[in-house]
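Residue numbers (the working numbering), protein chains in the order written: chain D, 1 to 522; chain G, 523 to 1044.
If you are wondering where the hints come from, they were derived from the structure by calculation, not from laboratory data. Be a bit skeptical, because a hint or two may be false.
Label pairs and their in silico Cβ distance ranges [said to hold, decoys possible]:
(1) D/494 - G/568: 52 to 60 angstroms
(2) G/580 - D/55: 56 to 64 angstroms
(3) D/133 - G/568: 32 to 40 angstroms
(4) G/580 - D/133: 28 to 36 angstroms
(5) D/103 - G/692: 27 to 35 angstroms
(6) G/608 - D/78: 37 to 45 angstroms
(7) D/3 - G/577: 34 to 42 angstroms
(8) G/638 - D/197: 43 to 51 angstroms
(9) D/78 - G/577: 52 to 60 angstroms
(10) G/608 - D/470: 49 to 57 angstroms
(11) D/434 - G/655: 49 to 57 angstroms
(12) G/643 - D/11: 48 to 56 angstroms
In silico lysine to any residue, SDA-like type, Cα no more than 25 angstroms apart, as pairs [to be verified]:
(13) D/164 - G/645
(14) G/784 - D/93
(15) D/166 - G/587
(16) D/155 - G/653
(17) D/25 - G/547
(18) D/164 - G/784
(19) D/69 - G/639
(20) D/186 - D/221
(21) D/166 - G/793
(22) G/686 - D/13
(23) D/5 - G/784
(24) D/103 - G/591
(25) D/69 - G/626
(26) G/625 - D/13
(27) G/686 - D/340
(28) G/547 - D/141
(29) D/103 - G/665
(30) D/166 - G/645
(31) D/262 - D/221
(32) D/103 - G/681
(33) D/5 - G/587
(34) D/262 - G/615
(35) D/103 - G/594
(36) D/5 - G/585
(37) D/164 - G/670
All C-beta atoms in this analysis are idealised placements derived from N, C-alpha and C, irrespective of residue type, glycine included.
Protein chains: 2
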Amino acid sequence: MSIQKLENQVIIRNEKFIETAEQLKPQLHETIVKPSSIVEIIADTDVIHGWKSEVVAPASSLANSEYGKNDSVILDFGDHQVGYLSLIIHPVGSPPDAPLKLKLTIGEMPVEMAEPFENYNGWLSSSWLQEETIFVDVMPAVISLPRRYSFRYVKFDVIDTSPKYKVVFENVECKAVTSANLNAVKKITQQDAELQKIDETSIKTLADCMQDVFEDGPKRDRRLWLGDLRLQALANYETFGNNDLVKRCLYLFAGVPDDKGKVPANVFVAPHLIADDTYLFDYSLFFASTLHDYYFATSDLQTLKELWPTAYRQVELALERLDENHILKDSPDWWSFIDWQEGLNKQAPSQAVLIYTMKQAIRLAEELNVPEKDSLRDRLEEIVDATKKHLWDEEQQFFISGSDHQVSWASQIWMVLSGVLTKEENNKLMNRLFDENPAVGIATPYMYHHLIEALLVSEEKERAIAEMKNYWGGMIRDGADTFWELYDPKNKEFSPYGSHLINSYCHAWSCTPTYLIRKYNL
Amino acid sequence: MSIQKLENQVIIRNEKFIETAEQLKPQLHETIVKPSSIVEIIADTDVIHGWKSEVVAPASSLANSEYGKNDSVILDFGDHQVGYLSLIIHPVGSPPDAPLKLKLTIGEMPVEMAEPFENYNGWLSSSWLQEETIFVDVMPAVISLPRRYSFRYVKFDVIDTSPKYKVVFENVECKAVTSANLNAVKKITQQDAELQKIDETSIKTLADCMQDVFEDGPKRDRRLWLGDLRLQALANYETFGNNDLVKRCLYLFAGVPDDKGKVPANVFVAPHLIADDTYLFDYSLFFASTLHDYYFATSDLQTLKELWPTAYRQVELALERLDENHILKDSPDWWSFIDWQEGLNKQAPSQAVLIYTMKQAIRLAEELNVPEKDSLRDRLEEIVDATKKHLWDEEQQFFISGSDHQVSWASQIWMVLSGVLTKEENNKLMNRLFDENPAVGIATPYMYHHLIEALLVSEEKERAIAEMKNYWGGMIRDGADTFWELYDPKNKEFSPYGSHLINSYCHAWSCTPTYLIRKYNL
Chain D
1 MSIQKLENQV
11 IIRNEKFIET
21 AEQLKPQLHE
31 TIVKPSSIVE
41 IIADTDVIHG
51 WKSEVVAPAS
61 SLANSEYGKN
71 DSVILDFGDH
81 QVGYLSLIIH
91 PVGSPPDAPL
101 KLKLTIGEMP
111 VEMAEPFENY
121 NGWLSSSWLQ
131 EETIFVDVMP
141 AVISLPRRYS
151 FRYVKFDVID
161 TSPKYKVVFE
171 NVECKAVTSA
181 NLNAVKKITQ
191 QDAELQKIDE
201 TSIKTLADCM
211 QDVFEDGPKR
221 DRRLWLGDLR
231 LQALANYETF
241 GNNDLVKRCL
251 YLFAGVPDDK
261 GKVPANVFVA
271 PHLIADDTYL
281 FDYSLFFAST
291 LHDYYFATSD
301 LQTLKELWPT
311 AYRQVELALE
321 RLDENHILKD
331 SPDWWSFIDW
341 QEGLNKQAPS
351 QAVLIYTMKQ
361 AIRLAEELNV
371 PEKDSLRDRL
381 EEIVDATKKH
391 LWDEEQQFFI
401 SGSDHQVSWA
411 SQIWMVLSGV
421 LTKEENNKLM
431 NRLFDENPAV
441 GIATPYMYHH
451 LIEALLVSEE
461 KERAIAEMKN
471 YWGGMIRDGA
481 DTFWELYDPK
491 NKEFSPYGSH
501 LINSYCHAWS
511 CTPTYLIRKY
521 NL
Chain G
523 MSIQKLENQV
533 IIRNEKFIET
543 AEQLKPQLHE
553 TIVKPSSIVE
563 IIADTDVIHG
573 WKSEVVAPAS
583 SLANSEYGKN
593 DSVILDFGDH
603 QVGYLSLIIH
613 PVGSPPDAPL
623 KLKLTIGEMP
633 VEMAEPFENY
643 NGWLSSSWLQ
653 EETIFVDVMP
663 AVISLPRRYS
673 FRYVKFDVID
683 TSPKYKVVFE
693 NVECKAVTSA
703 NLNAVKKITQ
713 QDAELQKIDE
723 TSIKTLADCM
733 QDVFEDGPKR
743 DRRLWLGDLR
753 LQALANYETF
763 GNNDLVKRCL
773 YLFAGVPDDK
783 GKVPANVFVA
793 PHLIADDTYL
803 FDYSLFFAST
813 LHDYYFATSD
823 LQTLKELWPT
833 AYRQVELALE
843 RLDENHILKD
853 SPDWWSFIDW
863 QEGLNKQAPS
873 QAVLIYTMKQ
883 AIRLAEELNV
893 PEKDSLRDRL
903 EEIVDATKKH
913 LWDEEQQFFI
923 SGSDHQVSWA
933 SQIWMVLSGV
943 LTKEENNKLM
953 NRLFDENPAV
963 GIATPYMYHH
973 LIEALLVSEE
983 KERAIAEMKN
993 YWGGMIRDGA
1003 DTFWELYDPK
1013 NKEFSPYGSH
1023 LINSYCHAWS
1033 CTPTYLIRKY
1043 NL
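Working from the sequences, and respecting the hints, build out all of it.
Below, the structure is given as structure tokens:
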């Protein structure tokens, strides 16, 4: 993975849009959650990462123990939480004649409790590892940690007290926060207990990522990405129906285009709205896609009218990248996300994303009855014809990508979703994909989502369910309380960052099974 | 060194006294201090601890540099400060896509900047080492660290940012606090530049220890000890004249005697007034001594009347320890401070402290014209006679202490101060002490104070000045901005705690040269 850093990014702020987004900032729902157990983390080569947690006592017994220098205890909150930690610390023994030095290690998975953060040497910033070392000068003390954490486990390491006193921990609790209204979710009665559990875990994942924007991961990154937003919004329409949060996020992106009108791949909302200097071909197009989905979920014509120019502009900019054959130019310095699959060529899947989003843009243009609908239709026809002519390999019966004519899973999946083929051809293509299993596979839950949806639109419902159970069901069997940023059932040691510690174990782009289950009645 | 831990301490709170102390809580004076320089710490075997600081740039240039992962910078505030640190952190480069992890190391001496705190393995709590590791999620950020530090140097270690941004530090400042009114100090014109500098450094030391009580050390311990209070009060009368702070501290001790009426050796004032479970024979007696000095500095008869019973009670309790020969019983489990000198027997010096404070108590009883004056006088006569009979070794011409008849510097010094001998005998004894130089010497500035005063009351002014210049002047030559808790000119590597890092380099019991210089017109 590499990163974009732009030297001369020019942002044209649309203060009206930004103000609209600000007005839609949600009130967070707060819930006080207490830990359930005191646990130990045990080495076990049979479980993912090699560590499992074992209950040693109920959390209610915590205040019965006194902790001195080098003592530690791990609390298990029983489920994934996003929120604020607080506790009361009482001294025991003589009056405290030195400060308490206390280290807190806060983690989503047992591995974060077991493997020292000091050993982390991955390429993502170690500042994402959730820990605090605090000094408490006066006790008893009510400690309310100001930062928000994403976690299930908390470890207290007493680094030092003094020979004269120890401490007792009481009232440890988490003020969990989300902008999702958990009561708004329609109960579904799944005959299939595994799908039922996958649905519930998806919803928990989505809720924990719903803060004052749709975040990609509450532990790491904690920001609004367009590609993730699109999927979260789809899951949200089927569950919480917090459509104003989608609207807010659309206005945030529309508020900070660059001087060509392109929306960034992600934005920061603190200390104020800032466009990141990362631009992705597919993510920018997904502005149109997300607006399309929002409009058809809400019929909010006013928002469609206001944001249509932004959506249309993304398509215009994408079309500028087509060559004289109506095929996207490929180049080594090109930024399209698609997936993190090693060696994946982005040309064909990006061409498919363009077609997919153009069709959605045309639907919006038709709703608005704007003249762009005709020009878009004309362009689309040319592009679809060119795609079938230049990117379809008649001999291999696969779409190919780039100068090396790469046959990847991503290309076939996105071409199916783009609808350039008939339903029957799609079905054959998806079956061929599974049968021949090209080497350039799928890396992320984000791409797995598109695989499942491609199977569903290709009348391969059984295989779609089987794949979902294998992938998201596999995460649950491996201990997921919320769905993960990364999971490879065949290589559970995989982390693109060089360490499990930095992975996000509650990640928005992994929350879509509830959408797929509910939308397609699985 | 060892510690007292009492299981069954019973405190009889005097709420009226505590309320009086509370009413006298001072408003702290605040001064904004900016760093003067960016420095490097250089190894140099010729300087104390082996480290010296060298200026590399003015602090005003700090904001010209950008700091990324593993970068660090050390700021020098130019003088010792006690207060609160704040700074502004600006990101530079792309929008910060990960928190900043920043470590601050805050120290009084170059050694604290140079030697990693992680290596500290002394027996005092490592929690005293002044450091913070903070995570900054949103930038630009105004960081106001909530804890008070005692320092001259601050090191910023950028543990991590992300590959996309660096940080700039701006507006680093210290809100320095003291309850001392620096303008209240009378200027003295010293002919002797060295004594002038010693006087100034004493005053700075005292000011930095004057907070809402007289603290022993603003870096370490940070609390009110009776033995230190006595010396600070003496220095205060000659300088700041903040007599209400002395009064407050007397009422704090008088507010929390135990069930026998004994005042503790030290108290904590947060979260509320708490008596420590440490009791020292000499320190309890110094309540009477400090009340004596306070009364004669202020003529505050009302306070004398209120606190006399507490003072008298300390003498009564001390007298209970006398044996049938009117000599203090010695035992291994006895707690009298006197000095940290290794192997020092406390019997004879404590006997002298008893005589010294009884005389002061008698003066107070005379002022109040209470009947105790007569009984105290009678007891004193018996004790002085017994002391000369049993503790004076005619052959050696020294006072002896304990069953091994130990001849120590402390015994001679305190006997001189107690006035059991004539001025002429004192003079001879002090000269003999220097000539014969008994092995059991002096360890702390606290005991050095008593040495100097013993020389002064024995008409050895020249030697007193020479010793002061050797000891406190030596600290200044070794880089002291404020006087230290510990200093041995002959063994500069000495720390009773196993590390220089944990020593206090601004310590109240070392502030007395200004008292000695001004009181005795040196």
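### Query
Going back to the hint list, which numbers does this structure go against?
15, 17, 20, 23 and 26
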